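J.: Now for the letters of each chain:
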Amino acid sequence: MAARIHGGAATALSTFNPKKLVAPSRTNLPAAARSSKRCIVAGGGSDASKKSLSVRHSQKLIANAAVATKAETSATTGTGHELLLFEALQEGLEEEMDRDPHVCVMGEDVGHYGGSYKVTKGLADKFGDLRVLDTPICENAFTGMGIGAAMTGLRPVIEGMNMGFLLLAFNQISNNCGMLHYTSGGQFTIPVVIRGPGGVGRQLGAEHSQRLESYFQSIPGIQMVACSTPYNAKGLMKAAIRSENPVILFEHVLLYNLKEKIPDEEYICNLEEAEMVRPGEHITILTYSRMRYHVMQAAKTLVNKGYDPEVIDIRSLKPFDLYTIGNSVKKTHRVLIVEECMRTGGIGASLTAAINENFHDYLDAPVMCLSSQDVPTPYAGTLEEWTVVQPAQIVTAVEQLCQ
Amino acid sequence: MALSRLSLRSTTFLKPSSLRRHVTTDTTPITIETAAPFTSHQCDPPSRSVETSSAEILSFFRDMARMRRMEIAADSLYKSKLIRGFCHLYDGQEALAVGMEAAITKKDAIITSYRDHCTFLGRGGELVDAFSELMGRMRGCSNGKGGSMHFYKKDACFYGGHGIVGAQIPLGCGLAFAQKYSKEENVSFVLYGDGAANQGQLFEALNIAALWDLPAILVCENNHYGMGTATWRSAKSPAYFKRGDYVPGLKVDGMDVLAVKQACKFAKEHALKNGPIILEMDTYRYHGHSMSDPGSTYRTRDEVSGVRQVRDPIERARKLLLSHDIATEKELKDMEKEVRKEVDDAVAQAKESPVPEASELFTNMYVKDCGVESFGADRKELKVTLA
Chain A
5 MAARIHGGAA TALSTFNPKK LVAPSRTNLP AAARSSKRCI VAGGGSDASK
55 KSLSVRHSQK LIANAAVATK AETSATTGTG HELLLFEALQ EGLEEEMDRD
105 PHVCVMGEDV GHYGGSYKVT KGLADKFGDL RVLDTPICEN AFTGMGIGAA
155 MTGLRPVIEG MNMGFLLLAF NQISNNCGML HYTSGGQFTI PVVIRGPGGV
205 GRQLGAEHSQ RLESYFQSIP GIQMVACSTP YNAKGLMKAA IRSENPVILF
255 EHVLLYNLKE KIPDEEYICN LEEAEMVRPG EHITILTYSR MRYHVMQAAK
305 TLVNKGYDPE VIDIRSLKPF DLYTIGNSVK KTHRVLIVEE CMRTGGIGAS
355 LTAAINENFH DYLDAPVMCL SSQDVPTPYA GTLEEWTVVQ PAQIVTAVEQ
405 LCQ
Chain B
1055 MALSRLSLRS TTFLKPSSLR RHVTTDTTPI TIETAAPFTS HQCDPPSRSV
1105 ETSSAEILSF FRDMARMRRM EIAADSLYKS KLIRGFCHLY DGQEALAVGM
1155 EAAITKKDAI ITSYRDHCTF LGRGGELVDA FSELMGRMRG CSNGKGGSMH
1205 FYKKDACFYG GHGIVGAQIP LGCGLAFAQK YSKEENVSFV LYGDGAANQG
1255 QLFEALNIAA LWDLPAILVC ENNHYGMGTA TWRSAKSPAY FKRGDYVPGL
1305 KVDGMDVLAV KQACKFAKEH ALKNGPIILE MDTYRYHGHS MSDPGSTYRT
1355 RDEVSGVRQV RDPIERARKL LLSHDIATEK ELKDMEKEVR KEVDDAVAQA
1405 KESPVPEASE LFTNMYVKDC GVESFGADRK ELKVTLA
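From first to last, the protein sequence lines are chains A and B.
Quick note: the first sequence uses the numbering used here, first residue 5, plus one each step.
Quick note: the second sequence uses the numbering used here, first residue 1055, plus one each step.
Next up, chain A with everything else stripped away, as it sits in the complex (with noise of 0.2 Å):
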């Protein structure tokens, strides 16, 4: 699992070979042989709370996110409880704040008014003003407070009601958040989450409709992760507000009302590991957040026409699962991706350029990306379903491709 450092730092490790991908495909291992081999992987931490955090993987989690397809969930925990995405992130934030009196939430209406999409509803009156907090409109203040706070060991959840308000914080997002554990030299630690809703959602006009996973995406030092099921929402929230490191949580405006039943006992989902949304043979689709949905519902079509397409949710966005990956387009050759984000400089593009880089010997046919038009998002609903992908053109790219 090592790779060489370019440049030939002087490191005993082995060169990365994609060939050697030993590892069979992880819908083949059962349960527990996958999540402990995660935790090989994860390495000896010496430290003894970071030891039991992937004891705790080994033992206690379940039908984790490697083959979380909606069926085998509900199947695997048999009881479980429904609730839609909203809840389950507000369910993955209250529990996280039992747990750990350092965490907190500051952003725009989250305490009173229970947050403008509800995710932190009732948090305010469980836990009291000083750990909801209700800010000002002052984006960069109060990102730069939560990192301030961070610094010193609190663990602040910081919500940009939209994400594209967050822009007003880049400053403090790429300068402070991404690069202080760095220009320390490791003395503070930022374990800040910093999520919001992103998204094209149903004609909120230009300035609110915006996906930053492209402008953030180069901030070294950050984790980029986007969530799209109830499940992976509040695996992926408890993971966040875990991680030492900052991470940015995606979500999105259209899908806070998914339905989906979720296990009772406590999970947390890997924050740098792809979700295997529908294995195949025939083509490989990378996608992430909505367009998850997007491409299922293309699959249904593909189906009918024969295809057979592997679906794969990225979840990370940084950095990339590309050991999941990886293995996918060993398998079948031809690789699809269909994101929300931008044509120019967007999660696609890096995709597809590490994707050449690194798998080169096993395409079969270029790499097709397929993502929003470089436009500001207009208003009118016909123009608006025309910025992003649709189903028939995923069904009409997988056909050019298999061909």
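Hints were generated in silico from the structure; no laboratory data involved.
All the pointers check out, no bait thrown in.
Using 30 Å as the maximum straight-line C-alpha spacing, the simulated DSBU-like pairs for lysine-lysine come out as follows:
{"hint": "1", "chain 1": "B", "residue 1": "K1237", "chain 2": "A", "residue 2": "K125"}
{"hint": "2", "chain 1": "B", "residue 1": "K1405", "chain 2": "B", "residue 2": "K1135"}
{"hint": "3", "chain 1": "B", "residue 1": "K1208", "chain 2": "B", "residue 2": "K1237"}
{"hint": "4", "chain 1": "B", "residue 1": "K1327", "chain 2": "A", "residue 2": "K130"}
{"hint": "5", "chain 1": "A", "residue 1": "K130", "chain 2": "B", "residue 2": "K1237"}
All values derive from a computational prediction rather than experimental measurement.
Fit chain B to the known structure of chain A by using the hints.
T.: Relative to the frame of chain A, chain B by itself:
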């Protein structure tokens, strides 16, 4: 004059070595008046009588001399290209760093901008760590990865060291928030300059700090020039201590170390009870904004030398020590020589220390955590060993 001094110390006259020891450890309180009064906004100013002691004033002198020496040494190191990039020097403003330390503990937090070398020293940083960091060596306080603008000292609650003007202000209010959250009786000093005083994030942070009663003390180090722009050209209202409007403010002579001490003490008490307060420290920097700025295109040499003659903090401390018979001229000169030697030794030691290894490029990117090893986009080149 000499005779009267002799008569005062007749008991120790025969033992010259104990004479020195007696002077530096004398902690009997003395009260000294500050040279200039405080001007206040929305609060009552503190008294001009400062409680101090001989030992304290002597330590002020020594600390300020050390800081001054360090900055001069950094100047020559920069000119000999051992320090690269940006180097912002603090000479002239030493009274601020030293006076502040005298009023607070190491549990109180300080956060400042890029002009941070002396603040680092004041927080207990070692000279050799400072020089190593400036020269990009492994021994440096940030392992050589931060540079001049990124000095940090976690164990002394010194939070740096920030390059972007004004970005440290919300961070500082976050520190104050964390102190309030953990119910510690500590305060945060958030330092910024007259240039940063026009940043929107200052007012955003001030609003939140006042709203939530955070123990934040915002200190405007007004050295009258925002790089090359004088305050009268950049601010409609250069009364920075009044700009908080609903937040009380105090204007302090920042070149008088005792005034700074008094103001910081007052501010700490105020912040713990009533929330944020702004301190405007009227100070001056002899060097230009940074080493690439000669400092003479926007101000006259006469102005700089005038301030140096009349307001220099080290000279003031020296005059105080001499007029109160705490030390002799020779003792102070010896002290300065010792300090100079200290600094020279530290520079030599730092020059010897090794540069970071190539593998250090990727350390401290992420904290090793519940996830697996972390990579950049392509997972081949940018592998990070989570250390």
